[in-house]
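Enquirer: Protein chains in written order, with our numbering: chain A, 2 to 200; chain B, 584 to 939.
Because the hints were derived from the structure by calculation, they are not lab data. Treat each hint with caution, since some may be false.
Stated by the list, open to error - Every beta carbon over 10 Å from chain B, so not counted as near; a handful from chain A, in silico: (1) Leu46; (2) Tyr74; (3) Val91; (4) Pro100.
Said to hold, decoys possible - Footprint (simulated), chain A over chain B, 3 or more residues, beta carbon under 8 Å: (5) 692–705; (6) 713–724; (7) 840–853; (8) 901–915.
Glycine is no exception: its CB is placed at the ideal position from the N, C-alpha and C atoms.
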Amino acid sequence: MEIKVLFTILISTIFINNYVLYQILGLCPFLGVSKKLDSALGMGLAVIFVMTLASFITYLVYKYILVPYDITYLRTIFFILVIAALVQLVEMIIEKTSPGLYQALGIFLPLITTNCAVLGVAVLNINSGFIDAEMGLLKSVIQGFGGGVGFTLALLLMAGIRERLELAEIPENLKGLPITFIIAGIMALAFLGFSGMKI
Amino acid sequence: MTDIKETQGLILSNAPHIKTGDSVQKIMWLVVASLVPAAAFGVYTFGLHALVLIAASIISAVAAEALYQALLKKKISVIDGSAVITGLLIGMNVPPTAPAWMVVIGSFFGIIIVKQVFGGLGFNIFNPALGARAFMMASWPVYMTTGWVPFSGSNVLAGGVQNAAGLPQQAFDAITQATPLGALKEGPKILQEMNIGIGQLHDFLFSSSMIKSLFIGNIGGVIGETSALFLLIGGIFLLARRIITWHIPVSFIGTVGILAFAYYSAAGLSCPWMAVLFHLLSGGLMLGAFFMATDMVTSPVSAAGMVIFGVGCGAITFIIRIWGGYPEGVSYSILLMNAATPLIDRFTKPRVFGVK
Numbered sequence: 002m003e004i005k006v007l008f009t010i011l012i013s014t015i016f017i018n019n020y021v022l023y024q025i026l027g028l029c030p031f032l033g034v035s036k037k038l039d040s041a042l043g044m045g046l047a048v049i050f051v052m053t054l055a056s057f058i059t060y061l062v063y064k065y066i067l068v069p070y071d072i073t074y075l076r077t078i079f080f081i082l083v084i085a086a087l088v089q090l091v092e093m094i095i096e097k098t099s100p101g102l103y104q105a106l107g108i109f110l111p112l113i114t115t116n117c118a119v120l121g122v123a124v125l126n127i128n129s130g131f132i133d134a135e136m137g138l139l140k141s142v143i144q145g146f147g148g149g150v151g152f153t154l155a156l157l158l159m160a161g162i163r164e165r166l167e168l169a170e171i172p173e174n175l176k177g178l179p180i181t182f183i184i185a186g187i188m189a190l191a192f193l194g195f196s197g198m199k200i
Numbered sequence: 584m585t586d587i588k589e590t591q592g593l594i595l596s597n598a599p600h601i602k603t604g605d606s607v608q609k610i611m612w613l614v615v616a617s618l619v620p621a622a623a624f625g626v627y628t629f630g631l632h633a634l635v636l637i638a639a640s641i642i643s644a645v646a647a648e649a650l651y652q653a654l655l656k657k658k659i660s661v662i663d664g665s666a667v668i669t670g671l672l673i674g675m676n677v678p679p680t681a682p683a684w685m686v687v688i689g690s691f692f693g694i695i696i697v698k699q700v701f702g703g704l705g706f707n708i709f710n711p712a713l714g715a716r717a718f719m720m721a722s723w724p725v726y727m728t729t730g731w732v733p734f735s736g737s738n739v740l741a742g743g744v745q746n747a748a749g750l751p752q753q754a755f756d757a758i759t760q761a762t763p764l765g766a767l768k769e770g771p772k773i774l775q776e777m778n779i780g781i782g783q784l785h786d787f788l789f790s791s792s793m794i795k796s797l798f799i800g801n802i803g804g805v806i807g808e809t810s811a812l813f814l815l816i817g818g819i820f821l822l823a824r825r826i827i828t829w830h831i832p833v834s835f836i837g838t839v840g841i842l843a844f845a846y847y848s849a850a851g852l853s854c855p856w857m858a859v860l861f862h863l864l865s866g867g868l869m870l871g872a873f874f875m876a877t878d879m880v881t882s883p884v885s886a887a888g889m890v891i892f893g894v895g896c897g898a899i900t901f902i903i904r905i906w907g908g909y910p911e912g913v914s915y916s917i918l919l920m921n922a923a924t925p926l927i928d929r930f931t932k933p934r935v936f937g938v939k
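Pulled out of the complex, with its shape left as it was, chain A reads as follows (with noise of 0.2 Å):
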């Protein structure tokens, strides 16, 4: 049953909820880092790795620290900063342990600390009522990991169809990121067709 709820979570934050598609999130990097496919990738990758580790850690501060003390209202200022510092901390990590690692990832985690998705799958951990389920950090940390799936998927999609609209006759004052909104809202309008999915 619980590995039910949990393949659920991931399904729909990977499709259904999409955070790029659907909740509409995280737009910088995805309009910003979609003109290559290999740079899309490794932004990609990196997404997926904040925001797992930010759902994890972000559950914690908030259970352990922030709901005994009663200050929740200061979790938007606690999430930043605790995501900001720890993805600076697991940054430099990184670089002395796994420099391959670090190539593929390393320009692009200080690019996303502060990114609006990452602090969104964080929230939405919470109001998702996480904190008071059973297996809650699990939950969390599949939900954030299902976004960066989601995410990443936008990202290559995305990519793969401006890498083609390079050579194509598109109206000069169109170009660039103009094109890449219309694209978007053609590709929201098709994630559409997940929504109301019942799993």
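We have chain A; now place chain B onto it with these hints.
Expert: Below, chain B alone, put in the same frame as chain A:
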């Protein structure tokens, strides 16, 4: 070797040397011709308003393309027929009682936003007709999901759908108001209020008279999707003329069939084959698999890519049909796979001859 002259009847030029004589224009008009039987059947079953809708969508699609190209001082290319196909497909993709202004706005959206701003024919990423349909579904969901013509009438070749499963008249009327797939999705809830089990719903939907009606087209649905028979005739014509290849239709329809068989076998249905036939013949599967998924511009190039594309379409369609919020998922599945087409092309690039 140097003294080969043109007088000997030899012309030296670069490849290709053998040409088929096909042009964009010829292919497009053949696709239009292959869609005509199903569209004509839709007009026959649903009446004059269906013809008005199809005409309105074709005219507005052509007008949108001509207007855009004139305003941007491009070469006006509406004669190539691609806008006619888009308009025809948009008209065939709305319920028979939809308002005409809606398909006009839909056509303008499809032609200008989904096709022309990307650079026109050959550059569009998404199928314009399906983009227009998704746009209309999001903007006017009531017009797009209601207003079906009930499928109990006996106005076509097949007799009326018989109430073979012995449902009470009230229940029968309630579930035959919508499309067959709508009945599959909403039926359990409607029948539960009347204390009727889901088994009887399955007996009714997967009965042989139902399958017969689906095959010929005596059912509710959007204008162009009802008759599997006429769509198959058009599809086989396209296959015979080699305008489309078998990869996408076969893998698309086959995936839906295999998944339906697996699902209903696991659900313990005594005769899953009828359920498979129901899923293959109902909804927009035939229309989508033969005429919209096979769009040359928005589908992968290589054979392996096409099979991946078709399997993806089939899987998403079946998932939306069974678990999704909408009764039918063909149009969304093709749009989603359109988005994945550049990636599929990239990873199924054929090996260059002579290179490891």
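Enquirer: Now tell me, hint by hint, if it's right for this structure.
Expert: Structure-based check of all given hints:
1. Leu46: 16 Å, holds
2. Tyr74: Fine: 35 Å to the nearest Cβ keeps Tyr74(A) off the interface.
3. Val91: 29 Å, holds
4. Pro100: 28 Å, holds
5. 692–705: Holds: 6 residues of the region 692–705 of chain B have a Cβ under 8 Å from chain A.
6. 713–724: holds (count 5)
7. 840–853: violated (count 0)
8. 901–915: holds (count 9)
Checked against the numbered hints listed earlier, the structure breaks hint 7 alone; every other hint is satisfied.
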